[in-house]
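Please take these sequences and the hints and turn them into a complete structure.
Each chain, written out:
Protein chains: 2
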Amino acid sequence: MESGVLLVDSALRLWNTTLDRASKHFGGLSEEQLRQPIAPGKNRPIYLWGHLTAVSDALLPLLGIGDRLHPELDAIYLSNPDGPAAENLSGKEMQRIWDEVNARLSAGFAKFTAEDWVARHTAVSAEDFAREPHRNRFTILLGRTNHMSYHLGQAALVKRGS
Amino acid sequence: MESGVLLVDSALRLWNTTLDRASKHFGGLSEEQLRQPIAPGKNRPIYLWGHLTAVSDALLPLLGIGDRLHPELDAIYLSNPDGPAAENLSGKEMQRIWDEVNARLSAGFAKFTAEDWVARHTAVSAEDFAREPHRNRFTILLGRTNHMSYHLGQAALVKRGS
Numbered sequence: 001m002e003s004g005v006l007l008v009d010s011a012l013r014l015w016n017t018t019l020d021r022a023s024k025h026f027g028g029l030s031e032e033q034l035r036q037p038i039a040p041g042k043n044r045p046i047y048l049w050g051h052l053t054a055v056s057d058a059l060l061p062l063l064g065i066g067d068r069l070h071p072e073l074d075a076i077y078l079s080n081p082d083g084p085a086a087e088n089l090s091g092k093e094m095q096r097i098w099d100e101v102n103a104r105l106s107a108g109f110a111k112f113t114a115e116d117w118v119a120r121h122t123a124v125s126a127e128d129f130a131r132e133p134h135r136n137r138f139t140i141l142l143g144r145t146n147h148m149s150y151h152l153g154q155a156a157l158v159k160r161g162s
Numbered sequence: 001m002e003s004g005v006l007l008v009d010s011a012l013r014l015w016n017t018t019l020d021r022a023s024k025h026f027g028g029l030s031e032e033q034l035r036q037p038i039a040p041g042k043n044r045p046i047y048l049w050g051h052l053t054a055v056s057d058a059l060l061p062l063l064g065i066g067d068r069l070h071p072e073l074d075a076i077y078l079s080n081p082d083g084p085a086a087e088n089l090s091g092k093e094m095q096r097i098w099d100e101v102n103a104r105l106s107a108g109f110a111k112f113t114a115e116d117w118v119a120r121h122t123a124v125s126a127e128d129f130a131r132e133p134h135r136n137r138f139t140i141l142l143g144r145t146n147h148m149s150y151h152l153g154q155a156a157l158v159k160r161g162s
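Here the protein sequences line up with chains A and B, keeping their order.
Residues 1 to 162, numbered by the working numbering, are exactly what the first sequence covers, in order.
Residues 1 to 162, numbered by the working numbering, are exactly what the second sequence covers, in order.
Derived by calculation from the structure, the hints in this document are not laboratory data.
Careful, some of the hints might be misleading.
If chains are identical, the list can't say which one is meant, so a pair holds when it fits in one copy or spans any two.
Said to hold, decoys possible - Below are the DSS-like pairs computed for lysine-lysine, each with C-alpha atoms no more than 30 Å apart in a straight line:
1. LYS92 to LYS159
2. LYS111 to LYS24
3. LYS111 to LYS42
4. LYS111 to LYS159
5. LYS92 to LYS24
Right under this line is the structure:
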């Protein structure tokens, strides 16, 4: 098999594994646990979940998959720190939006060839991209997988069933 | 440029960025902060740092770069949970070992071509690899980058200078 195909396959597997772990963890927390800070004075899992959902939703236009589905999340989970607004959404609602965004992303990911992955994302100009070819879709995918793990490590401090 | 080269470049950039962030964070914590739990009853940064160092050290033979430099870390930071033994090493000593292991890894990474990255790692047999070609070096690299982010997200709960 061509190395490009295998390299992309590794990255998509890791995205899916990380996503599964995040879905199980956040989806397995009770509404009360979702509102229990991960450490005194730190973010609550509901905020981290919303933050990851907003960041993933923003991937749709960034990777050229389609329009955003839930731009309304940004004011609560991106532009502002954790606070009362993060409770506007229940865990159940967040789960629905999370699943919706991720299904849309997966469908988009499935269509990209290795050449599509190393093509520029929509936030870099053709001119800048010529000088900085690493500003491609693949770099974004890897970075966002890492970002999900970063916050999943934090959210994991609130144990399911505890 | 060939897509395989660009895909590998993205992954190595992310490894380096994540490593830099981890080095700055752990290296910027005082000896006291390294021993301050990230949340009540949870791991201390010195333990997470040792854990990441041990896991990175184990990458040397796993990726076929060379022998382990510090197998003595495993008993403290892999086989056992956080405890008094984690204090056997000062932050200064951990920094030295961390830098040593990472320099060796970087030198090894630099020699791999895209084809080397999609070749099997040393913990999978040729027979299993024929059936499961994703069990390659690249999958390990991405997974370990993600693992570093996971624990860095946790360690970041102890702020430098706080």
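Against the structure, the hints:
1. Proximity of LYS92 and LYS159 under a CA criterion of 30 Å is satisfied intra-copy only: 18 Å inside one chain copy versus 33 Å between copies.
2. Taking the shortest Cα distances, LYS111 and LYS24 sit within 30 Å of each other inside one copy (26 Å), while across copies they are farther apart (38 Å).
3. Proximity of LYS111 and LYS42 under a CA criterion of 30 Å is satisfied in neither setting, with 39 Å inside one chain copy and 42 Å between copies.
4. Taking the closest pair of Cα atoms, LYS111 and LYS159 never come within 30 Å of each other, the shortest separation being 36 Å inside a single copy and 42 Å across copies.
5. For a Cα distance limit of 30 Å, the shortest separation of LYS92 from LYS24 inside one copy, 13 Å, qualifies, whereas the shortest one across copies, 38 Å, does not.
Violation of the numbered hints given earlier is confined to hints 3, 4; the remaining hints are satisfied by the structure.
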